[in-house]
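Peer 1: Following the hints, complete the assembly by docking chain B with the ligand onto the known chain A.
Just so you know, the protein sequences line up as chains A and B, in that order. Read in order, the letters of the first sequence correspond to residues 230 to 600 in this note's numbering. Read in order, the letters of the second sequence correspond to residues 206 to 700 in this note's numbering.
No wet-lab data here; the hints were simulated from the structure. A couple of the hints might just be wrong.
With a straight-line Cα cutoff of 35 Å, these simulated DSBU-like cross-link-like pairs (lysine-lysine) come out [what the hints assert, rightly or not]:
| no. | chain 1 | residue 1 | chain 2 | residue 2 |
| --- | --- | --- | --- | --- |
| 1 | B | K504 | A | K313 |
| 2 | A | K357 | B | K480 |
| 3 | A | K277 | A | K357 |
| 4 | A | K341 | B | K480 |
| 5 | B | K480 | A | K313 |
| 6 | A | K354 | B | K480 |
| 7 | A | K277 | A | K493 |
| 8 | A | K357 | A | K331 |
| 9 | A | K493 | A | K592 |
From the derived model, a few chain B residues whose C-beta atoms are all more than 10 Å from chain A [said to hold, decoys possible]:
| no. | residue |
| --- | --- |
| 10 | E449 |
| 11 | H559 |
| 12 | D664 |
For glycine and all other residues, C-beta sits at the position ideal for the given N, C-alpha and C.
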Amino acid sequence: MNSSLPRTILSTISPYSLAFKRQKLPISTRVSGPVSFPSISSIPSSQKPRIPLFLRPPIFTTSLSDLQKWQQWANNLALSVGSKFVDSDNGPDTNILCREVKWLLEDAVEDKSILCQLVSPENGKLVKLRADLDELYCLWKQRIEERRPFQYIVGCEHWRDLVLSVQEGVLIPRPETELIVDLVSGLVLEEEGLREGIWADLGTGSGAIAIGLARILGDGGRVIATDLSPIAVSIAAFNVKRYDLQDKVEIRQGSWFEPLEDVKGELAGVVSNPPYIPSSQIVGLQAEVGRYEPRLALDGGENGMDDLLHLCEAAALMLKPGGFFAFETNGEKQSKFLLDFMTQKLATNVHNLEAISDFCGIKRFVTGFRR
Amino acid sequence: MGFFPNLMKTLYSRSLSLPQNSRRRNQKLSLLISSFTESNKTLIVQTTNSQSTIRSGFRVLKHTLAFSSSEIQTMKVPASFHGLLVPSTGVRCGFCSLAATEPRTSDGLTVNGIVAGRWPILDENEGDWKSHAAAIAQSIQLIKKRLQWKKMIVRLEMLSAELNKADLWDDPVHAGKISREHGSLMGKMKEVNRYERELLEHIDMLKLAREENDGELESESLRALLMMRSSVKEKELEALLAGEQDSCSCFIEVQAGAGGTESMDWAAMVMSMYKSWAECHRYGVTVVDEMPGEIAGIKRATIKVDGEYAFGYAKAEVGVHRLVRISPFDSANRRHTSFAAVAVTPILGDTSSHFQINESDLRIERFRAGGPGGQHANTTESAVRIVHIPTGVTATCQNERSQHQNKAMAMAVLQSRLDQLEMTRQAQLNAQHTQSLTEISWGNQIRTYVLHPYRMVKDLRTNYEVSDPDSVLEGDLDGFILSFLSASLDKDKDN
Ligand SMILES: C[S@@+](CC[C@H](N)C(=O)[O-])C[C@H]1O[C@@H](n2cnc3c(N)ncnc32)[C@H](O)[C@@H]1O
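Extracted from the complex, chain A is given alone in its bound form:
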């Protein structure tokens, strides 16, 4: 894996993501059952989140015409890609990349309204930037030449109505996952017990689902978010704080349900988007994913279901009667397998099992209730 990385990129990746890749390797070779890590109670203080571009102070200045030159250069690079990436691994095409140029500019300038003047820049007019122009050149080069994900370049991902800080070491939340919040929001509207209860988001990553949930729960509702990765924990904490939800979302570091012993049998809901990609498919992943996103967030073991199986079994015990669970899966095969598994092995504990499709009609989620 690492050997396929160009040298230049290695230096842009935080050491933590590499560390996790290594850590995870032995896990992915395991035969069954997740390996539990000992819960780490204190969060290492060195995990300082990087500030996303759009939140950095606009302390750099450049001329509008230089910015225009950058834009032309960036668009030309994007044009040179054509459908090359699409053909090789379903990566981005020119259209998408050109839109990213626009968004990168939007995040980088202090005053967005200036961007419409880029077509015919007034001579000598200056712009305030949140990153040095040289850095912008460097960033866009990384995007095109090294396939560094756009979201890591700008340090954020727009997800639902949220703008979440992300960086190497944390999975970039996927649009499919937005639906988990929608599923829950339908339920909590109807059921007070769910609306005002304690929810768990396991493997919270950037905190996306946890924050999404916290904003739809009632005044009494709370979310406990867990992750094994210290960097995920610190980024999630950063995002929770940015949405001023410290009172509603508690972040705990540890493996799956381990940090939740104190609320066993009391949870109103459990949601998770655990790693579900079969180990063997990790090498063939789209460059942006395989080269940059943490393996710990992707690799679900030999058939991709190591963590999912553990979550299904444990959720049945952790939930209170009537409690709800929703897990994201790799699609049709995994969802079907998990439904069969629960129907056969866990029917005394869970019911109303369902496989729910994502927006592409792929059965992406399994859901159910504790009896």
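Peer 2: Coordinates of chain B with the ligand only, in the frame set by chain A:
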């Protein structure tokens, strides 16, 4: 910029030329009012009257009146009736009519009479009172025409009849809608009635001052007339945008006609013309949807234009825009004609008047590269397309950065389009509009832009033309918009 006043917001706050607390003036006015005899005609007073104080110490009694058409036509009020203005000492106002018979001065002059008299209208700073009065009377007449006065009266009757139905509030949503529209029509009509009365009062006052050789009062009245002249002139413009949806924000959609790259390039030029126009007028502009052409330009695009009266103005642009030029995409340098169609839909603020969309009638499509998706894929593409199955109306948004936001925006576009469709349907039911549905959504050819062999932009509806296409393409559209708006309202023979 001056073309775009913040219109109706100021409806009541900027009352026209009410007496500026001059005690002497008040005395005189009460003289006039004392000759007011209450009409003995019974009117149905619908709701309680709320009183609002106007700067001068007079109050306007705001009744919501409801009466039938026969009453409007047959109401006979003594010539001396002067309507709304009563001193704040609490004289009971028997009714405060809108459509009451024409107000007159003490010697029988009416607004229409003044217009018919064709008094010469001189420049503001050299005019005598007659010139001011004639200018004001003319403005009032124009405002009435633009408001479609006669239709307004008919509509008001209809609404009043509805409001009088005993079972009205069985359907509170409908009732709310009716009473809001009724209230807003009443507001507009009352305002015009007030101008009429004020004009005549000023004239009365002026004549009185002359009779009594009161020079101070005379010059004060003259000043009041002059002030009124300019503010009524402003109202002429506002009256162009008195339609129910005119004050809304809107979506503007441009689609390239047949003809490949040349027409896609033209569509992009048209879109950028509207972006500049909107930005010039300090409207918020957001690109909602943009489908680029393969080589240049756009196949279609939609922008959201945020701000007061965006729809009122932009609706004048609906239709097909034609370009004649030497195409830069033709290596043989031939002259080409291309077309771009423009649609404009209002974003209704009042959600109760929204077309009800059933979730189950929607097909929501999201664009995604092939492959297994989920954790396997990293993409910033999160376009959403929504199809309203029963009508086939669709909306696409791909310029927001999350799918959730794209969906919300696409829903807003869809809502706006369905609202428009519904309004058209309603209008056809009411038989008030004769335009066909296609005419409303895409329209006929409205304007030609010629860049070669000569240079000109000409509106086919108004014949308004400009010899500098560049300025127009850079967004200077106000001349076209206003001439169309006034032509479409002013030519209406019925009013
Ligand atoms: C696919 S990511 C999902 C992140 C986030 N919930 C989202 O949807 O964007 C899986 C997450 O699970 C975390 N994870 C992996 N193994 C874990 C374990 N044993 N216990 C807790 N979290 C784990 C990873 O660190 C990663 O953040």
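Peer 1: Now tell me, hint by hint, if it's right for this structure.
Peer 2: Here is how each hint holds up against the structure:
Taken as a hint, the K504 (chain B) and K313 (chain A) pair is honoured in the structure, with Cα atoms around 24 Å apart against an allowance of 35 Å. For the proposed pair K357 (chain A) and K480 (chain B), the alpha carbon gap of about 24 Å is at most 35 Å, so the pair holds. With a C-alpha separation of about 26 Å, the suggested pair K277 (chain A) and K357 (chain A) falls inside the 35 Å cut-off, and the hint holds. Under the criterion of a C-alpha separation no larger than 35 Å, the hint pairing K341 (chain A) with K480 (chain B) is consistent with the structure, at around 15 Å.
With a C-alpha separation of about 33 Å, the suggested pairing of K480 (chain B) with K313 (chain A) holds against the 35 Å cut-off. With a C-alpha separation of about 21 Å, the suggested pair K354 (chain A) and K480 (chain B) falls inside the 35 Å cut-off, and the hint holds. Distance check on the hinted pair: K277 (chain A) and K493 (chain A) sit about 31 Å apart at the alpha-carbon level, within 35 Å; holds. Taken as a hint, the K357 (chain A) and K331 (chain A) pair is honoured in the structure, with Cα atoms around 16 Å apart against an allowance of 35 Å.
For the suggested pair K493 (chain A) and K592 (chain A), the alpha carbons sit about 29 Å apart, so the restraint of at most 35 Å is met. Distance check on E449 (chain B): its Cβ is at least 31 Å (rounded) from any Cβ of chain A, clearing the 10 Å threshold; non-interface status holds. Against chain A, the non-interface label of H559 (chain B) holds: every CB pair exceeds 10 Å, the least being about 21 Å. At the 10 Å boundary, the C-beta of D664 (chain B) stays outside the reach of chain A, the nearest C-beta of that chain being 27 Å off.
Violated hints for the displayed structure: none, as all numbered hints are satisfied.
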